[in-house]
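Given the structure of chain W, go ahead and fit chain V onto it with the hints provided.
There are 2 protein chains.
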Amino acid sequence: MGEFELIRRHFQRAGVPAPASMVLGIGDDCALLQPSPGHQIAVSTDMLVEGRHFFPGVDPEALGHKALAVNLSDLAAMGARPLGFTLALALPEADEAWLGAFARGLFALADAHACPLVGGDTTRGPLNICITVMGELRPGQAMRRGAAQAGDDLYLSGRTGEARLALELLRGADWALAALGGDALARHPELRQRLERPTPRNGLGGLLGVLTGAVHAAIDLSDGLAGDLGHILQASAVGAEIALAELPVAPALQRLPEAQRLECLLAGGDDYELLFTAAPIARAAIDAVAQACGTPVTRIGRITQAPGLRVVDASGRPVTFAARGFDHFQGA
Amino acid sequence: MGEFELIRRHFQRAGVPAPASMVLGIGDDCALLQPSPGHQIAVSTDMLVEGRHFFPGVDPEALGHKALAVNLSDLAAMGARPLGFTLALALPEADEAWLGAFARGLFALADAHACPLVGGDTTRGPLNICITVMGELRPGQAMRRGAAQAGDDLYLSGRTGEARLALELLRGADWALAALGGDALARHPELRQRLERPTPRNGLGGLLGVLTGAVHAAIDLSDGLAGDLGHILQASAVGAEIALAELPVAPALQRLPEAQRLECLLAGGDDYELLFTAAPIARAAIDAVAQACGTPVTRIGRITQAPGLRVVDASGRPVTFAARGFDHFQGA
Chain W
3 MGEFELIRRH
13 FQRAGVPAPA
23 SMVLGIGDDC
33 ALLQPSPGHQ
43 IAVSTDMLVE
53 GRHFFPGVDP
63 EALGHKALAV
73 NLSDLAAMGA
83 RPLGFTLALA
93 LPEADEAWLG
103 AFARGLFALA
113 DAHACPLVGG
123 DTTRGPLNIC
133 ITVMGELRPG
143 QAMRRGAAQA
153 GDDLYLSGRT
163 GEARLALELL
173 RGADWALAAL
183 GGDALARHPE
193 LRQRLERPTP
203 RNGLGGLLGV
213 LTGAVHAAID
223 LSDGLAGDLG
233 HILQASAVGA
243 EIALAELPVA
253 PALQRLPEAQ
263 RLECLLAGGD
273 DYELLFTAAP
283 IARAAIDAVA
293 QACGTPVTRI
303 GRITQAPGLR
313 VVDASGRPVT
323 FAARGFDHFQ
333 GA
Chain V
3 MGEFELIRRH
13 FQRAGVPAPA
23 SMVLGIGDDC
33 ALLQPSPGHQ
43 IAVSTDMLVE
53 GRHFFPGVDP
63 EALGHKALAV
73 NLSDLAAMGA
83 RPLGFTLALA
93 LPEADEAWLG
103 AFARGLFALA
113 DAHACPLVGG
123 DTTRGPLNIC
133 ITVMGELRPG
143 QAMRRGAAQA
153 GDDLYLSGRT
163 GEARLALELL
173 RGADWALAAL
183 GGDALARHPE
193 LRQRLERPTP
203 RNGLGGLLGV
213 LTGAVHAAID
223 LSDGLAGDLG
233 HILQASAVGA
243 EIALAELPVA
253 PALQRLPEAQ
263 RLECLLAGGD
273 DYELLFTAAP
283 IARAAIDAVA
293 QACGTPVTRI
303 GRITQAPGLR
313 VVDASGRPVT
323 FAARGFDHFQ
333 GA
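The listed protein sequences correspond, in order, to chains W and V.
Counting from 3, one number per residue, gives the positions in the first sequence under the working numbering.
Counting from 3, one number per residue, gives the positions in the second sequence under the working numbering.
Okay, chain W solo, but in the shape it has when bound (with noise of 0.2 Å):
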């Protein structure tokens, strides 16, 4: 099968009714996008590459899931709103059953964020998924890193530290065997989901941006808490308090020896959660936009004047942790 024929096969979706903002789609040189009069555009871009974002076998579906979920997430934590994406994609071989699965989870999320897939590149190479997302909103309702304020409170959406463990899981690390037992996917199957297939919070994000008045500074979690709130701290040149017993820890987490459920909850990776801050104003407002979207959203701490991130037991002592986050071009 040529090149041409795998692009139309799986990726050019006849019948599929396309957002009024999409004006061209794939097949020409350009894709062409109409934004809203006056918005303004985001665009993020992110490269899975095999063995070292995903595991050599991984479901190809989850895998098309998560390329764009990664993606969206970072639409989500500037608060603008989905307007399409493209796919470039370097595939050892033209696999039938593969690309098919991968095309199914890839549309399967984008139709769930009328974010259609506006353009793209195939080719013959080591496997690889870059996606570039685009999203429009209106001038000064970014939530930027940079924003952050000295009394703000901190909040977090859903929980860290699942994909962490999942991770750790499927490496075989054997303090997460000893403490979950060598069947811990299996009993804990929202370990996986966590990891394979995570949820960007963009009805969250969205709405958090019309709220850029009060809601300050936003970013999402890839990297781990601690070292992603590290990015707000040193961009916004404020410190940070977190207050421990507030943060929630799923329940497969509470079976984890203490040093290594900080390690997932604080520096755990992939967890595409919201972190943001918000003058203290607008707490009844986040509890309602986060009830109107259906996202948990916790208020895990406050930002302080004094640079730093400390991070406090129920009485207020500190409790020592490293942050570290995680870094492709360091360590293993």
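These are computed hints drawn from the structure, not numbers from a lab.
Beta carbons: idealized from backbone N, C-alpha and C, even for Gly.
A portion of the hints provided could be inaccurate.
Said to hold, decoys possible - Looking from chain V toward chain W, a few residues come up when the C-beta cut is under 8 Å (computed):
1. Asp31
2. Gln42
3. Asp48
4. Met49
5. Arg54
6. Ala82
7. Val120
8. Pro128
9. Asn130
10. Thr134
11. Asp222
Here is chain V on its own, set in the frame of chain W:
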């Protein structure tokens, strides 16, 4: 050196003024672009894989140039003005010298087109470069592949075939070496230049986009003149006749045997010239536009009602030629 430090050092350029349309660049969850009022966004993405699109060990500065050039060329073919681009880069290792040269080639071209790098992603993996470029244009100004009309003139910018000849010489093709000698690449530096540093025709494309009353379809030549013209013919449900005697032939190509010269001219690939159609009434305007932007443009044939592509010699006799585009999932 860590990932963030690597990005900062080579891809964040303090002190380089950005166009006003770039509201926010590298360093947040998304970049923000402000298109001109009422304009549409044109988007295109291309993925370049080592060993497939370029030789291992190719000059990284040329590679940085080419990776962006092939994307800018898609904007040119649509008649869109560049707004900015994202870069996703998988690298086997963080090689300072390589990155420095790659960034130099990339930014030299980006600056020449006022097309800033607005965001990106870096990861470890087999060398892979994925660029997504965004541009803007007025509604109705896009030169779409399906807009060619019977009776249109067919135009080509620059000339075709030199990139292909350079590729064959680098591969050591017998016929190329026999015709041009073993030192051909040294004696014809323009050949390698055309392969490794193609010139995207954005000046011309932008001006043609303004003439869309008379300029109809356009495409940029990446897979060979005949193959890419085929996309216009199919999308427009028309045919075409190319007058072989009108095709500009580079000096090095004049020394090739006829069959190989035709192969290079008509199915060369990697030309990144514009092929476009326009009503005959536009001839003077097109000459003026070509002059204004300093890009040679040649009328090489015409669009016909009868389907299919015919290539004819100076006396109007059909020339037999097997049109074939380059397909990443067929052949070697």
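Hints, one by one, checked against the model:
no., hint, verdict
1, Asp31, "4 Å, holds"
2, Gln42, "5 Å, holds"
3, Asp48, "5 Å, holds"
4, Met49, "4 Å, holds"
5, Arg54, "5 Å, holds"
6, Ala82, "6 Å, holds"
7, Val120, "6 Å, holds"
8, Pro128, "4 Å, holds"
9, Asn130, "5 Å, holds"
10, Thr134, "4 Å, holds"
11, Asp222, "6 Å, holds"
This entry satisfies every hint, going by the numbered hints stated previously.
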